[in-house]
Amino acid sequence: MNSTAIIKSSPEGQHVIAGMTVQMRMIKLLISQGFSRIIVERPDLPDIDREDAAPLSDLQVIAANERTAQVQYAAPEDISQSHGDIIAKDSYILHPDVLNGFLNARHTQLIGSDHDVVLTKAVSKPDQHEAFPYQNWQVIRVQSNQLKYAKKQLFRYLCKDGDGLVSRHINRPISTFISRYLVDLNVTPIHCTALTVLCAVIMVAALIYAPVIGIFWGCLMFQVASVVDGLDGEIARVQFTATARGAKLDTGIDMATNILFTVGVSYALWQIHGEDFLALGLIAISLAVLGVVSMTAILAAGPGGGSFDILAKTIRQRVQGRPFLMVLFKTVNIIVKRDMFAFVFACIAATGFSYLIIYIFIGGLLVWNAALFYNAGAMLRFKSV
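Numbering (my numbering), first residue to last: 171 to 555.
There's no promise every hint is true.
Pairwise CB distance ranges, derived in the manner of DEER restraints [to be verified]:
1) Ala417 x Ile340: 29 to 39 angstroms
2) Ser206 x Lys322: 24 to 34 angstroms
3) Thr501 x Pro213: 49 to 59 angstroms
In short, the hints are calculated from the structure, not lab data.
We treat Cβ as the ideally placed atom computed from N, Cα and C, and that holds for glycine.
Using the sequences plus the hints, can you model the full thing?
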């Protein structure tokens with residue numbers, strides 16, 4: 171477990187990006203990676219009497235992603251490199267994966283632009299011969315004339331490994347564009363969650379109260395809800411306020427939205443196309459409820475947490491090292507993810523072939539439930555690697 175970090179102050183560290191100074195962003199990033207004590211240079215502190223018993227001052231406790239650390243501020247001359255396990259400059263924004271990778275690598279320095287040393291591990295003979303690898307956009311040097319660029323790149327960090335094809339290339343660019351403005355207006359994740367709920371209410375109202383015209387608007391609102399759903403997580407991650415409780419709430423609202431859409435679209439198609447679609451709708455609703463209840467039970471009995479991505483993570487682990495199965499899994503996973511369904515359903519409703527929605531939905535739910543039950547045992551034993 172990492173213990174103490176030293177942060178070297180600079181004027182650039184006081185720039186505010188996405189509602190937080192760059193220095194505070196570095197502090198919270200280090201806390202989120204497990205550092206329990208952080209010492210920050212503060213050049214404006216008065217000289218401290220060397221006879222004082224406590225040369226470090228201004229102790230406070232700061233939280234980030236459900237972790238906390240003691241943060242102390244000290245004049246530069248009162249900080250020794252021996253105080254810390256790692257030394258960081260506050261004039262950079264780092265992708266969390268870069269910091270995590272660096273902490274677990276044998277490299278002792280992370281070199282930024284202009285051969286500037288961003289991170290240094292506290293070792294007697296640092297190895298400067300081999301640079302720690304990363305992509306340029308993952309290590310952002312903050313400069314006063316490029317704050318908008320730095321903020322834009324910061325929001326690139328918000329993509330998740332579990333994002334589907336539509337989410338990565340359509341939904342996420344839209345949601346991060348919106349998030350960049352909302353975060354400066356002090357909009358919180360719970361506000362965005364409430365907006366997702368509002369989209370779901372409008373969606374189901376359109377499908378039930380005006381089936382003929384509502385089939386288009388309901389499907390469109392399902393896609394809008396899919397985009398809006400990303401806002402709360404993005405703001406939570408960019409402000410280091412993500413919590414397990416928030417993740418569970420987000421997943422619960424996602425699943426409720428999916429079931430409401432299933433009920434609403436089944437009712438609308440029944441009203442438009444007759445009794446045959448009543449039976450199909452009941453099948454779709456039953457499969458959706460079965461999948462949600464089963465997944466919730468598996469999470470409660472096994473790995474815990476609130477993310478339904480556990481199924482994809484489990485399958486990925488099981489087919490690791492088997493190229494054909496990995497390609498097959500990735501292909502099917504892209505097709506049956508919620509973001510793909512929402513986008514496809516909106517397109518189908520716009521073209522007047524809405525009756526196809528129920529058949530596609532049932533097919534996707536059958537695949538999801540089959541994968542869920544086949545991998546139930548592995549999910550109960552799942553451990554992150």
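Hints, verified against the model:
1. In this structure the supplied range 29 to 39 angstroms is violated for Ala417 paired with Ile340, their Cβ-Cβ distance being about 23 angstroms.
2. Checked against the given bound of 24 to 34 angstroms, the beta carbons of Ser206 and Lys322, roughly 32 angstroms apart, stay inside it.
3. Checked against the hint of 49 to 59 angstroms, the C-beta distance between Thr501 and Pro213 comes to roughly 56 angstroms, which is consistent with it.
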